[in-house]
Amino acid sequence: MTTDPDRLHRTAKYFMDSGRAATAEDAVDMLSRFGLAISVDPATATTVNGQIALLTLVNAARRTMLGGIEVEGVGDQPVVTNLATETTLREAVEALCGTCVEKVRPDWPRAIIGDVAAPTGPAPAWRLQWAGWRGGVIPSTWPTAVSGDAISLAPAMAAAACVGEVFAYHAGDHDMAGRRASGLSIWGPGKPWMEPDPSEPALRHLPTHLWFIGLGNLGQAFAWALASLPYPEGAETLLMLQDFDGMAVSNDSTSLLAVPEQPTVMKTRWVGDWLEHRGFDVRHEERRFGAWTRRYHLEPGAALCGVDNAVARAALEEAGFDLVVEAGLGAGTQGFRNFSLHCFPGPKRASAIWSGAAAAATVPDVSGMPAYEAMKKVGVDGCGLAQIASRTIGVPFVGLTASILAVGELLRRLHGGDAMELVSGSLMALDDTEAFTGAPEPYSHGHLDIDPAEIAKAA
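For what it's worth, this note's numbering labels the leading residue of the sequence shown as 1, then goes sequentially.
Hint data in this document are derived by calculation from the structure and do not stem from the laboratory. Model, not experiment: these values are computed from the prediction. Every residue, glycine too, gets a C-beta built ideally from N, C-alpha and C. Each hint can be trusted.
With beta-carbon atoms standing in for the labels, derived distance ranges:
{"#": "1", "residue 1": "A43", "residue 2": "S444", "range": "36 to 46 Å"}
{"#": "2", "residue 1": "D173", "residue 2": "R391", "range": "16 to 26 Å"}
{"#": "3", "residue 1": "R295", "residue 2": "E441", "range": "11 to 21 Å"}
{"#": "4", "residue 1": "T144", "residue 2": "V101", "range": "23 to 33 Å"}
{"#": "5", "residue 1": "A456", "residue 2": "R391", "range": "41 to 51 Å"}
{"#": "6", "residue 1": "R7", "residue 2": "R349", "range": "35 to 45 Å"}
{"#": "7", "residue 1": "P106", "residue 2": "D308", "range": "34 to 44 Å"}
{"#": "8", "residue 1": "G121", "residue 2": "D308", "range": "32 to 42 Å"}
{"#": "9", "residue 1": "F244", "residue 2": "E86", "range": "28 to 38 Å"}
{"#": "10", "residue 1": "P442", "residue 2": "E25", "range": "51 to 61 Å"}
{"#": "11", "residue 1": "S444", "residue 2": "R179", "range": "40 to 50 Å"}
{"#": "12", "residue 1": "S351", "residue 2": "A429", "range": "25 to 35 Å"}
{"#": "13", "residue 1": "P5", "residue 2": "A453", "range": "49 to 59 Å"}
{"#": "14", "residue 1": "A456", "residue 2": "V101", "range": "28 to 38 Å"}
Lysine to aspartate or glutamate pairs mimicking DMTMM-like chemistry, simulated, CA-CA at most 25 Å apart:
{"#": "15", "residue 1": "K191", "residue 2": "D175"}
{"#": "16", "residue 1": "K348", "residue 2": "E317"}
{"#": "17", "residue 1": "K103", "residue 2": "E91"}
{"#": "18", "residue 1": "K348", "residue 2": "D322"}
{"#": "19", "residue 1": "K348", "residue 2": "E421"}
{"#": "20", "residue 1": "K376", "residue 2": "D365"}
{"#": "21", "residue 1": "K348", "residue 2": "D308"}
Given only the sequences and the hints, what does the whole structure look like? Please build it.
Right under this line is the structure:
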């Protein structure tokens, strides 16, 4: 019986809150029947972008597909991405709780990375695609739609889209899952992602000084996305990590840096250690963010915000940042796949967006659903029931998508692109993502220059 909110699997809560699961155990049992097979072209597995796609896919999928993740085509290829500190790709996959096998199960849904033939079984299969600033998936039987050099966020986006489609297929809540393309342009959210975009620049600049506000689902995905970028060894960086909370077992179901049976440590320390092992210089701020927060002028002037607290969000423009990119996630059984992005300064102040009715917003009452009634019958008191019912549904692939767009916003501004004032979309229909842009603005918050020719050779 899952009666501790700090151990609750946040994706299983979807089946509890929708009434599809009779008990909390039934909800977890549903996820235990979700599995994913991954076929990797051994040549693609030696490339930076191929490894980013694979490791991101395994990392996000295993938190939701509790039946397991099997990977074929992976062996002793050297790790060439900064996402992993292991020596071989097999070790890196296994560290993320994937299982390397000679042949994957034929009855599971399949994800294909690289030049691998489509399976012939009845289960759906998706082929990951990336080029330029675009990434996504297509059914494996379709001809290749997108290929070419890509920034490293593009294969990560392909992995996020793939996990979203596999989950929808297993959950049975979208009839087109497995029969449609799904992807996103990071350079132009809302543009057709399978069409070449001549306005996409080669990657030449990377941000170096950032402040992370919140280190949960979104904050840890910020770290994963940032670490996928081609920072040279010894790059001078500074990341301020702010969170007042500790890691909990429930974080494993949503947060990309959490582990099973997660030790209870401060999030700033856990995420900071992960980033330091990948060459970043970090500082810790272990208190709540709010109207009292003030940035010292030598501290990072650009912030990535990933908190779900309206009061904290309303104070984003009061701390003295020059730029804030705020990522948000939807809630409830109909909205948990939704994501949004706001940038400040913008056409509307943060205090106007998250004040009054927004700050007082409540989640739907799900305490009458069968899984909660079952808890009452075994003696869970009203307080414990309210705590569990109040927890939001969470899936890692939505936070990953929002974080890719947030880090992508920094890259877009560094490369002279339009400033995104608002982006809104859903993993249920990435093609319907909406974006509202403003005039390009110079990026003066700390960056380093890289050689795009060297990056293209490695990718």
